[in-house]
Structures are given as structure tokens and as C-alpha cells.
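Colleague: Build the full structure now, drawing on both the sequences and the hints.
Residue numbers (my numbering), protein chains in the order written: chain A, 1 to 290; chain B, 291 to 541; chain C, 542 to 834.
These are computed hints drawn from the structure, not numbers from a lab.
All C-beta atoms, glycine included, are put in the ideal place defined by N, C-alpha and C.
Each hint should be verified, as a subset may be incorrect.
[Said to hold, decoys possible] Short, incomplete list of chain C residues facing chain A, as computed with Cβ under 8 Å:
#1 Lys-567
#2 Gly-568
#3 Ile-569
#4 Val-576
#5 Val-578
#6 Leu-643
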Amino acid sequence: MKAKAAVERIMGSVFFVCGMVTIVAVLGITAYLIISGIPAIREIGLVDFLFGQVWQSTASEPLFGIMPFILTSVYGTLGACLIGVPVGLMTAVFLAKVASPKVAAVVNTAVELLAGIPSVVYGLIGMIVLVPAVMRFFQLKNGTSLFAAIIVLAVMILPSIISVARTALVSVPGEYEEASFALGATKMETIFRVSIPAAKSGIAAGIVLGIGRAIGEAMAVMMVAGNVANMPELFKSVSFLTTAITKEMAYAPTGSLRQQALFSIALVLYVFIMLINTILNAFLKRREKP
Amino acid sequence: MSIIVSAKDLNLYYGAFQALIDVCLDIPEKEITALIGPSGCGKSTFLKTLNRMNDLIPGVKITGELTYHGENIYNGGLDVTVLRKNIGMVFQKPNPFPMSIYDNIAYGPRLHGKLKKAALDDLVERSLKGAVLWDEVKDRLKKSAMGLSGGQQQRLCIARALSVEPDVLLMDEPTSALDPASTAKIEDLMSELKKNYTVVIVTHNMQQAARISDRTAFFLVGVLVEVGQTNDVFSIPRDKRTEDYISGRFG
Amino acid sequence: MRWGVATPSRNKKLSARRRISGGLLKGIVFLCAGVTVALLVGLLGFILYHGLGNINWAFLTTARSALKNTIGIFPNILFTLYIIITALLISLPIGVGASIYLNEYASHKRLARMIEFTAETLTGIPSIIFGLVGYLFFCRMLGLGASILSGALTLVVMVLPIIVRTTQEALKTVPDSYREGAVALGATKWYMIRTIILPSSLDGIVGGCILAIGRIVGESAALIFTAGVGYQLVTNYFQALGTSGGTLSVALYVYVYEQGEFEAGYGIAAILVMIVLLVNFATKLVKKKFKRI
Numbered sequence: 001m002k003a004k005a006a007v008e009r010i011m012g013s014v015f016f017v018c019g020m021v022t023i024v025a026v027l028g029i030t031a032y033l034i035i036s037g038i039p040a041i042r043e044i045g046l047v048d049f050l051f052g053q054v055w056q057s058t059a060s061e062p063l064f065g066i067m068p069f070i071l072t073s074v075y076g077t078l079g080a081c082l083i084g085v086p087v088g089l090m091t092a093v094f095l096a097k098v099a100s101p102k103v104a105a106v107v108n109t110a111v112e113l114l115a116g117i118p119s120v121v122y123g124l125i126g127m128i129v130l131v132p133a134v135m136r137f138f139q140l141k142n143g144t145s146l147f148a149a150i151i152v153l154a155v156m157i158l159p160s161i162i163s164v165a166r167t168a169l170v171s172v173p174g175e176y177e178e179a180s181f182a183l184g185a186t187k188m189e190t191i192f193r194v195s196i197p198a199a200k201s202g203i204a205a206g207i208v209l210g211i212g213r214a215i216g217e218a219m220a221v222m223m224v225a226g227n228v229a230n231m232p233e234l235f236k237s238v239s240f241l242t243t244a245i246t247k248e249m250a251y252a253p254t255g256s257l258r259q260q261a262l263f264s265i266a267l268v269l270y271v272f273i274m275l276i277n278t279i280l281n282a283f284l285k286r287r288e289k290p
Numbered sequence: 291m292s293i294i295v296s297a298k299d300l301n302l303y304y305g306a307f308q309a310l311i312d313v314c315l316d317i318p319e320k321e322i323t324a325l326i327g328p329s330g331c332g333k334s335t336f337l338k339t340l341n342r343m344n345d346l347i348p349g350v351k352i353t354g355e356l357t358y359h360g361e362n363i364y365n366g367g368l369d370v371t372v373l374r375k376n377i378g379m380v381f382q383k384p385n386p387f388p389m390s391i392y393d394n395i396a397y398g399p400r401l402h403g404k405l406k407k408a409a410l411d412d413l414v415e416r417s418l419k420g421a422v423l424w425d426e427v428k429d430r431l432k433k434s435a436m437g438l439s440g441g442q443q444q445r446l447c448i449a450r451a452l453s454v455e456p457d458v459l460l461m462d463e464p465t466s467a468l469d470p471a472s473t474a475k476i477e478d479l480m481s482e483l484k485k486n487y488t489v490v491i492v493t494h495n496m497q498q499a500a501r502i503s504d505r506t507a508f509f510l511v512g513v514l515v516e517v518g519q520t521n522d523v524f525s526i527p528r529d530k531r532t533e534d535y536i537s538g539r540f541g
Numbered sequence: 542m543r544w545g546v547a548t549p550s551r552n553k554k555l556s557a558r559r560r561i562s563g564g565l566l567k568g569i570v571f572l573c574a575g576v577t578v579a580l581l582v583g584l585l586g587f588i589l590y591h592g593l594g595n596i597n598w599a600f601l602t603t604a605r606s607a608l609k610n611t612i613g614i615f616p617n618i619l620f621t622l623y624i625i626i627t628a629l630l631i632s633l634p635i636g637v638g639a640s641i642y643l644n645e646y647a648s649h650k651r652l653a654r655m656i657e658f659t660a661e662t663l664t665g666i667p668s669i670i671f672g673l674v675g676y677l678f679f680c681r682m683l684g685l686g687a688s689i690l691s692g693a694l695t696l697v698v699m700v701l702p703i704i705v706r707t708t709q710e711a712l713k714t715v716p717d718s719y720r721e722g723a724v725a726l727g728a729t730k731w732y733m734i735r736t737i738i739l740p741s742s743l744d745g746i747v748g749g750c751i752l753a754i755g756r757i758v759g760e761s762a763a764l765i766f767t768a769g770v771g772y773q774l775v776t777n778y779f780q781a782l783g784t785s786g787g788t789l790s791v792a793l794y795v796y797v798y799e800q801g802e803f804e805a806g807y808g809i810a811a812i813l814v815m816i817v818l819l820v821n822f823a824t825k826l827v828k829k830k831f832k833r834i
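Modeller: Take a look at the structure:
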């Protein structure tokens, strides 16, 4: 009997410890990024670091301004949303309201598969198909550009936007739509004037999720953006926050200011992501208690 | 007294199940017609054939003739959006849109044609007055309709239905989700409405049918058993089944 | 007309304006759905068309040989398997344990919410951050270096939320009557969990595993600096844990981006895409199979 009670207590603690792992992981990651990210910011100066427009980590007088990376990430994400959000939302409308169940199942599978394709495969196709196409179409010397990265990101965020927006649209109460039909609205009028406004928090959550995906993507962007620390221009080679980390990581000598600065970039990226997560949670909460 | 909606040998099937069997019923203008009967008798189904809301359910098949102002409802000719503009509907559960009170009322008129701001304001005011809600909400037209009480929401839905200027108003158990005080308000409103509109109401509550309606139709398992002046149906029913039902022997 | 307001005329037809705008919107909706499907078909078609031809027996079963100047991905396949096995061996018990804690134990509502919140937070953190912190913590601080073990440990944290979520969803569907029945019979909580809760949530656990495998196979940013890019053949599992090894996705990146070996890249991409198809199919199968019971 005593042994049984002991086992009970031990298993209880084991499950408790398992539960704590995610908390410890988040705290650990946060602490690590802060501890390793602060020194370089101290040395460079917060203002020079965040707002400096020149990144020359290998020059004899190195400059560590990450404004080019920040702006590229912001513009790249906005650009991806500009393309991905309308296409994603309309596809979600198709899935939730227009398509027959059979067709919806097929398209839904396509969306799931798009979500499952690895970043590097997107990068590969971007490199081989998109970059040369951009070069020829816009008559550039080099196709690796912010524009190419935006296209790749737009495709990559589609599945997140579609699946969240679809869920939101499906859960719009049928009574709203009935009322609209009863007033003589057509199907499309009902969808665009009632269903979409009623699902707006959920749709916003999908967009924010997409923003998070876009700002955090590294490898696919790495392969098409050119990775030069230019201030962002649509048809220039640019470097995102994520690609700056990836690129510097490979070359920066251990313990150098250059390596510490890349940890600071990661900290900045982390702050961005946490902001986005907070906004996302706010939207999701709003949806739960309308 | 002219007939505004008329059903002749109307049959409706949900797949293999027949929900309405050879229903023949005339709805006279500017009267309240009550449809009564036990759950599943087809009274709501019949109501929803009048504005073709059954079209939204897959697998529905309808035969027979149904006319509105002599125009066949189901045989081309009349577009369903036009039909629904003319035959408005109020549902069992109040279902205002999650928007402001003003936008709820303006929704229908905005669909059917562009109106100037002043005309729209005017229309909103008159619709709300028509549903006796104006005085309660005139100071908060821009506030969300979801903040209104259940009874107010239902009157808002009536106002919303009035905003597109229908002839006929279909009401599907409009008070079943409301408290007695709100129910009384809506019943008063209905006798007001029949001055201008033809009202068809489905109700579970026989006292309600007796109180407010001019004519009553009794449905049982898809069949229209009896229809007549409400007084006659309730005091001297011709059919044994009607008598059993209104005396509370089943249902 | 009753109110003397300018109502639209009593047309029997929908006005042309509404008909056209409705048709236009419908067209856009269909077009966008079409674009989404076309993107997928195009991507899959392109990769399989260019990739399948590059897959042959030697490609799959040999290592890269500088001498013969051939590329083989056998080591990368093994490394991928090793990382999957190691990451799942560690994250599965922890993830299932965490969801059992959340669903069966957590009396502290705030603590439970905290766990759920942090799990969600982990899902939102980009791979590159995991890669960086994994590198700092496992490779440098714990001195594991760039190795399969470091990579797997980094991935444990990444896939943990997936396993917690799917398992928890399955646990929630276990009716309370099962629990009450077992407790009424005098079973201890652990016995009840072991004999009733875990078996009936097996679908969630299996589903979580499949999703985690999909995630691991596709991962590159988190692995490139933790597990490294090694391509030497190491067949012994325990020896491999300590060596640097690139998974298929990492190898694809290295071959294509750093070495311009496009044929090998296509070949690997085709394999990855087929794994994605398989994972999707398996997930559907699990859902269907367990729904029938």
C-alpha cells in the first residue's frame, strides 16, 4: 500500500517536471538572448546599433548599424502580406463558403501540403526559377532582391493565413448569414458584408501569424535575397534580420564583437517576434469571447 | 380582401423525407395568419418556402405552385433577392449582425440601392420607429447591436426587416426566446404592423395565436389540416385532430 | 413606396450592378483558390520532374566521394533518421507527460495557463533563434559541439509544443466517465492514466509524432549550426550522436546554395517532397482510423 502511494507521488512529480519544461525553455531562451545580446549593444551603443544605416562588420573600422536589416525585414514582411493576405483570404472564403465539400477537401489538402514543404525547397525553386525570372523580366544585372524574397515569403505565409481565416469564417454563426439572405442579399454580398466583418478578429489573427512566419523565415530568404547589407530597395540585394544572423554565424570568429553583434540582432528579432505573439494572443482572445 | 400569397398542392421533400404534403393555403393581405401545430409538423418549413429560405438547405425539392401577387415564386420570373426584399423575415432567435444599430438597419437598403446619407438616416429612423424601438436607441445608434437586450434585439430585427420596405413579414416563433414582458411588446407591435403589412407567424404558443392572429392554419405531419378565421378554429374546429391539439391532448 | 422614399424600382431581376459585382467577386475568389492549388501543383511537379531523374541507387546508398567526384546522400539519410529518433525519444515522454500534467493534474489554473502560453510562444519562435540558442547552449556551454546530439536536443524544444498540443487534444476527448469509473473501482491515478487515459489518447500521440517528424525533416535553420553540415558516413548510432552531420534539408541548402550542385539539390528536394506527401497522408490515415473506433 505504501509502495503504491510512493509511486503515485513520484509519477505526480514526474508529470509536473514535464509540464515545467516549456516554461523553462522559454525563460532559458529569453535569458540567453538577453545575456548574449546585451554586451555588443553596450559596446556599440543602442542608438548607433538600432539606427545606424551602415553594417560593415569586416572593415578595419567596423560599423554595426542594423537599420538596413530591420527595414528589410519590415518591408519584406509588409510586401509579402500585400500579396499573401488577399490571395489567402479569398482562398479561405472559397474553402469556407463557396466550394462544395469535396472540392474544399482537395484544396484544403493542397494548403496543408504547401505548409509542409520545407523552407529549403522554397529556396531552391526561388533560386532556380524566380531569381532568373526577376532578372530577365525587370532587366536587372542580378535577380537576387527584396522583390524575389517578397514573392517567396508571400507563398510561404499563404497556408497560415488560409487555415486561420478559414476557421474564423467557418465559425461565423449561420444566423447572421440567414438574416442577410432574408434581406435579399446575394451569396457574395452576404460573404463580403457580413461573414468577413464578423470573422475579422480571426482573420486578423491569421494575418499576424503570417507576419510572424515571414519575419522569422531564414533559409528560403537567404537563398533569394542576395544578403548584402543595403538599405532596402525593391530590386536590390538585401539582408533580413534572419539572414544577417545566418550569414554572420558562419564567419564571425568566436568571442569577437562581430559575433556578439549577431547575438544582438537575434535579440532584436526576438523582441519583434514577442511583440507579434502578444498581438496575436490579443486577437485570439477577442475571438473567444465575442 | 385580396390574396397576396397563394400555395396550391405544394409538396416539399428533404431528400426522401416529405415535409409538406399537398398544401393549399391562401394568405390574405394585411392580416395576421398564424401557423400552428406540433414540432416537426411542417409549419416552419412552409413559412420558409414563402421566401425560399429552404433553398439554402441542400437536397430540398419542391413541387406544386406558389405565387406572390400572382407571380410564380419558384419558376424563374422573380429573382430570389427581389422576392426576399418583398417578403421579409424575422427569426426565432434574435440575430442582429455584430455591427452598430445603425448599420444593422442600413444593411438592407445599402444592398438594394444607393441612398443619400440624409435619406438613409431618415429610413433608419422610420424603420426603428416602425418597430417601436426608436426612443430606446436613438442616442446610441453607433453602438453595437449586441449590447441590446433580447427583446430589443428582436425588435431591431423587425426594424431591419422593415427597412427594405416589404409587403409581407414572415415571423418564425419570434417570441419563443423572449421573456413575457418583451413578448407582450412584440405582440402589441404585430397588431400595429398589420395595418401596413401582411404578417405570417409561426408559433408554438396557442394563446398567442388566439390573441393576435386573424386567421389560423393548423399543420400536422406535413398536412394542412384546417384553416379558417382564428375564432372559428379555436371555438368550433371542424376537424377532430385540430380539436385534440388545441385542447392540449397532444403536442 | 409606402413611405414615399426613393426606393429602387420594383424590378423582378437583380440589378446589373449587383449581378456584375457579385460575378466579379466570385471570379476573384475562384481565381485565388486556383492560384493556391496551381502553386502547389507547380511546385510539386517542378521538383518531382527535375528531381526523380537524379535519384538512383548509388545516390541513395553511398556517401559523397571526392575521389570519384560523386554525390551520395546515404549519410544524410542516416543523420536525418538519427536526429528524428533522438529528438522523439526525448520529446515524446516529456511532451506526453506535460499534457498529462495539464489535463489530469494541474490544479493551479495559473500554472497550467502559463504552460500553455509558453508552449504557444515556443511555436512562434523562428527556427533561426532556436539554432542560435541551441548553438550557444548545447554546442558551446555544454561542450557537445556541432553534433547530431546537439541538433536533436535543439529540435526537442521545437517539436515539444506539437506533441503537447496533439496529445492534449486527444486527452480532452477521453470522457470523464472513464476516469470516474476507474477511480470508483479503486484504481490509483497513475494506474488509471496508464491503463485508460494513455491507450485512449494514442491517436493524438501518434499524430503528434508524425507531425513532429514532418517538422524535423523540413528543418534547416535550427540545425545548420547545431548539428552541422557533415557528410561522412557514420553507421554506428552512438558514434553518430557525437559527430557533425547534415540532415537532408541542410544538405540541400549546402549543395545548392554553397556549392551550386543543383542536380543533387533536386534529388534531395524530390525526396523531401515525397516525405511531406507521406506525412500528410499518414496524418489523414491516423485521423480516419481512430475516428472509426
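Colleague: Are the hints correct? Go through all of them and say.
Modeller: Now the hints, each set against the structure:
no.: 1; hint: Lys-567; verdict: holds (6 Å)
no.: 2; hint: Gly-568; verdict: violated (10 Å)
no.: 3; hint: Ile-569; verdict: holds (6 Å)
no.: 4; hint: Val-576; verdict: holds (6 Å)
no.: 5; hint: Val-578; verdict: holds (5 Å)
no.: 6; hint: Leu-643; verdict: holds (6 Å)
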